[in-house]
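2 protein chains.
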Amino acid sequence: MFKIDPIGFVESSFKESAPPEEMRKHQSTIVIKPELADGLYKIERNQYLQIIFYFDQSEGYNLKGPRYHGKERGVFASRSPRRPNPIGVTTVELIKVEGNKLTVDGLDALDGTPVIDIKPYADVMDKPAVD
Amino acid sequence: MFKIDPIGFVESSFKESAPPEEMRKHQSTIVIKPELADGLYKIERNQYLQIIFYFDQSEGYNLKGPRYHGKERGVFASRSPRRPNPIGVTTVELIKVEGNKLTVDGLDALDGTPVIDIKPYADVMDKPAVD
Chain A
1 MFKIDPIGFV ESSFKESAPP EEMRKHQSTI VIKPELADGL YKIERNQYLQ
51 IIFYFDQSEG YNLKGPRYHG KERGVFASRS PRRPNPIGVT TVELIKVEGN
101 KLTVDGLDAL DGTPVIDIKP YADVMDKPAV D
Chain B
1 MFKIDPIGFV ESSFKESAPP EEMRKHQSTI VIKPELADGL YKIERNQYLQ
51 IIFYFDQSEG YNLKGPRYHG KERGVFASRS PRRPNPIGVT TVELIKVEGN
101 KLTVDGLDAL DGTPVIDIKP YADVMDKPAV D
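One line per chain: the protein sequences are A and B, in this order. Take 1 as the starting number for the first sequence in the numbering used here and just add one per residue. Take 1 as the starting number for the second sequence in the numbering used here and just add one per residue.
One or more hints might be untrue.
Repeated chains share a single entry, so a pair holds when one copy, or any two copies, can fit it.
[Stated by the list, open to error] Computed cross-link-like contacts, DSSO-like style, restricted to lysine-lysine with a CA-CA straight-line distance of at most 27 Å:
{"#": "1", "residue 1": "Lys71", "residue 2": "Lys25"}
{"#": "2", "residue 1": "Lys3", "residue 2": "Lys33"}
{"#": "3", "residue 1": "Lys42", "residue 2": "Lys64"}
{"#": "4", "residue 1": "Lys96", "residue 2": "Lys127"}
{"#": "5", "residue 1": "Lys15", "residue 2": "Lys127"}
{"#": "6", "residue 1": "Lys71", "residue 2": "Lys96"}
Keep in mind that the hints were calculated from the coordinates and are not lab data.
Chain A on its own, in the form it takes in the complex:
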């Protein structure tokens, strides 16, 4: 069992669940805790970031069930927010950095969502191999 403490929170115009495709069309702000703001040093050199967040509005999960498009899938074959560990990962575009605030484009997280990590997107780790 591990304990995770948020590094910051999302500010978004989305207060309630909406389709991720729609949410990803909007900009939102990530406010990092002031005491962790030094961790953002030179983050503006990255065009894309991976945001790891916690689906704090999500309750419970089914191991197997119909998914977004109605087909039955296991939870690990799905991006459902209802998961054993309700963690979300989304790649966003970094628009602006001001002190401890990041403006990003493409984050599918509701207003108030706890952010648990931010990483620079890196082809070497994140891109599927292309044969």
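Please arrange chain B on chain A, whose structure you already have, making use of the hints.
This is chain B only, laid out in the frame that chain A set:
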């Protein structure tokens, strides 16, 4: 504060830290807890998976410091395993599924690493936008 319980563990020939590029050249096995194995239903339909894991061998972190290639960066502008929440995310190729065991290619996680989530790689969430 959130509590995270591993969904399974990595079996790898890497018992000690090695450069991620080298680790990613090898196959490893993810063993899912038997009680969660139904969550893998139809996962074989995905060629690529995102593995979210916990750097349990990592101790402490610096908010700012020299990184892999010697340049100074904030921890959120780095993929260092030494992070406020020591979570790793890597996209791997799914080679084989046998019961509760996944053979994957390209996972940079040591033997025994706790796995906390698995998601199908999805361009819509994970691929940087290309203008």
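Checked hints:
Proximity of Lys71 and Lys25 under a CA criterion of 27 Å is satisfied intra-copy only: 25 Å inside one chain copy versus 34 Å between copies. Taking identical chains as interchangeable, the C-alpha atoms of Lys3 and Lys33 lie at most 27 Å apart whether they share a chain (17 Å) or sit on different chains (20 Å). In the homo-oligomer, the alpha carbons of Lys42 and Lys64 lie at most 27 Å apart only across protomers (10 Å), although the nearest pairing inside one protomer, at 42 Å, exceeds that limit. Taking the shortest alpha-carbon separations for Lys96 and Lys127, both the intra-copy value of 24 Å and the inter-copy value of 20 Å come in at or below 27 Å.
In this assembly of identical chains, the alpha carbons of Lys15 and Lys127 lie at most 27 Å apart only when taken from different copies (25 Å versus 31 Å within one copy). Within a single copy, Lys71 and Lys96 get their C-alpha atoms only as close as 39 Å, which misses the 27 Å cut-off; across copies the closest is 22 Å, which meets it.
When the structure is compared with the earlier hints, no violation turns up for any of them.
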